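Residue strings, one per chain:
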Amino acid sequence: MNDVTHSPATAHRRPTPRLLAIMLYTRRSCFPPKRWAALLLPCAGALLFGLLSRAVDLTPDRAFANVAAEGIFSLVMPITALVIGDSVLGAEVRSGTFHFTWLTPTPRWQIVVGRWLAGSLVALVTIAPAAAVAAVIAGSSSSAGPAFVAAAVGSTAYIAIFIAVGCITRRTAAWSLALVFLVERLLGAALTGIAQLSPTWESRAIFVGLLDDPPNRLVREGIPQGGDAVVRLVIVTVVTLALAIWRMKRMRLSGAAD
Amino acid sequence: MRPDPQPNDPGAADSPAELDPAFVADATVEVRGVSVWFGPKVALSELSCSFGPGVSGLLGPNGAGKTTLMRAITGLVGVNEGSVLVEGRNPRRDREVHYGLVLVPEDEAVPPGLTASQFVRYIADLHQVTDRGAPDAALHEVDLLDVGDRRVDTFSKGMRQRTKIAAALVCDPQVLVLDEPLNGADPVQRAHLIALFRRLGATGRTVIVSSHVLNEVERMAERVIVLVHGRLAAAGGHRAIRDTMDDTPRHVLVRCDDGRRLAAALVGVTAVTGVTFDPKRDGLVVQTLQARELAAALPRLAKAGSIRLHEVRPLDDSLESLFRELVR
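Chains as they are written, first to last, in the numbering used here: chain A, 10 to 267; chain B, 170 to 497.
Hints may be right or wrong, so weigh each one.
Said to hold, decoys possible - Across the chosen pairs, the derived CB separations fall in these ranges:
hint, chain 1, residue 1, chain 2, residue 2, range
1, B, N249, A, T178, 16 to 22 Å
2, A, H21, B, D263, 26 to 32 Å
3, B, D263, A, T178, 23 to 29 Å
4, A, T178, B, H398, 25 to 31 Å
5, A, H21, B, L484, 54 to 60 Å
6, B, D263, A, I203, 34 to 40 Å
7, B, H361, A, V134, 43 to 49 Å
8, B, H398, A, V243, 49 to 55 Å
9, B, A440, A, R259, 53 to 59 Å
10, A, A187, B, D263, 32 to 38 Å
Said to hold, decoys possible - Derived pair list, reagent style DSSO-like, types lysine-lysine, alpha-carbon separation capped at 27 Å:
hint, chain 1, residue 1, chain 2, residue 2
11, B, K210, A, K258
12, A, K43, B, K326
13, B, K472, B, K449
Simulated from the structure, these hints should not be mistaken for laboratory data.
Model, not experiment: these values are computed from the prediction.
Ideal placement from N, C-alpha and C gives every residue a C-beta, glycine not left out.
Could you build all of it, start to finish, from the sequences and the hints given here?
In structure tokens:
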């Protein structure tokens, strides 16, 4: 372009590595103030669940474990991850701005992984600390660490899944909700095979497995607990990201107007 | 309506460019038998054409398939049949081709939360542009350097379009695909951008521009591809297309000092299918199917009758009228 524009040919810049550029772009562009508001609402919900557990007539540890398993890991975390996962890809595809990234020589794996990393970082500063703070509010400080780890691993796995959904369909939110509440919650409650691959059930298993004295009713037979559950979700995340990368090759980006 | 028969397999011909104006000899973008459909809707149907260095215009009514063709060329949309090659490579599969291939989409959408400068630098980073001055130069090229620190989602439609053009220019592409790039631009900016595209074409880049403002395409493009209902309707220079449309009547305004006698003489010419007097234009409107024969006959008749010709002008030679006839 030097003959068209008037750029000084001598000055050189060191371009930002693509992966980092995509992460920075995702943080800046995919999370406008309204998105942050939509993210902070479920986080506030997590804190309310922490308060709610104080009203349960059990020891603080037991009360928070029950409330966290049913409220935070089964409801708040998937919703927060859905907002993040949709923001980092699905919303961009729908709005027609994803073209700008796709139409560059950036390898697809960097596009997918960069967006997943950016989304995961957002989860690490929103829902994961919210889950830990909820434990503290509940008076169960010993549960804060397990809650943080479970929410962090579970939400990053969810974000990978929602990115993959965004590569498959433009109706990311609808399909993601169906996946969480119909497949995971309903079928996963009955079928252990589905629960073994479910971030909801596995994050509950991480949380319960890391507790000093977990309530027996929260220990589900047939799925890995604690550290093993972390490994399981890491595998789910890697496989889902690979699926998203493969699927991105076949995406038809027909624009916002279509 | 096509000017010349199109070979089913352009590769089979020795030199398709010599046979068919839809093809160019030094093609950088080759579209071969491409069909694209979305469910039951056929967007492109067995389309074959090519584009080379210089500015090519893409014309057609809404739904003709212009945007789909542009997206197929850039790889955003995969083709159901046929193939698209850019500099010999498949833009869907070969990511390297995007170092030199850019698209300015028609959509108004721009990434929210970014300034124009941040957006252009982001694209420069993804293209690994090492020229420090390239982002500012690209913004300067579209007259946005002064507002580079403003967020693009606060820009007007024309400014957004220019921001996207700057993002396209920052990587110094060899092939630019511009979907309605003048949308929302004011007249001064239009002239500026048209000059820019012409300069890019003159420096050997392949510039493909679609527009609904047909007189601007005339000003920009040496060559025009016309799409109708997903098919190639015409290709070539707009005058050349006109010449090949033998079955389409053309109207020529003839102003002279003795219209009555010239009209009587013209009626005897076989190429002339009608002559009327247009009081608004104060001249004869001659309808013909063979413009070249009329052009040869007119001076001869005028000389024979000692009639002084003041003006001979085709009335429907603009792309606007051509387009109307092609889609009629």
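Hints, verified against the model:
| no. | hint | verdict |
| --- | --- | --- |
| 1 | B/N249 with A/T178: 16 to 22 Å | holds (19 Å) |
| 2 | A/H21 with B/D263: 26 to 32 Å | holds (27 Å) |
| 3 | B/D263 with A/T178: 23 to 29 Å | holds (26 Å) |
| 4 | A/T178 with B/H398: 25 to 31 Å | holds (29 Å) |
| 5 | A/H21 with B/L484: 54 to 60 Å | holds (56 Å) |
| 6 | B/D263 with A/I203: 34 to 40 Å | holds (39 Å) |
| 7 | B/H361 with A/V134: 43 to 49 Å | holds (44 Å) |
| 8 | B/H398 with A/V243: 49 to 55 Å | holds (52 Å) |
| 9 | B/A440 with A/R259: 53 to 59 Å | holds (55 Å) |
| 10 | A/A187 with B/D263: 32 to 38 Å | holds (36 Å) |
| 11 | B/K210 with A/K258 | holds (23 Å) |
| 12 | A/K43 with B/K326 | holds (22 Å) |
| 13 | B/K472 with B/K449 | holds (26 Å) |
Comparing the model with each numbered hint stated earlier shows that all of them hold.
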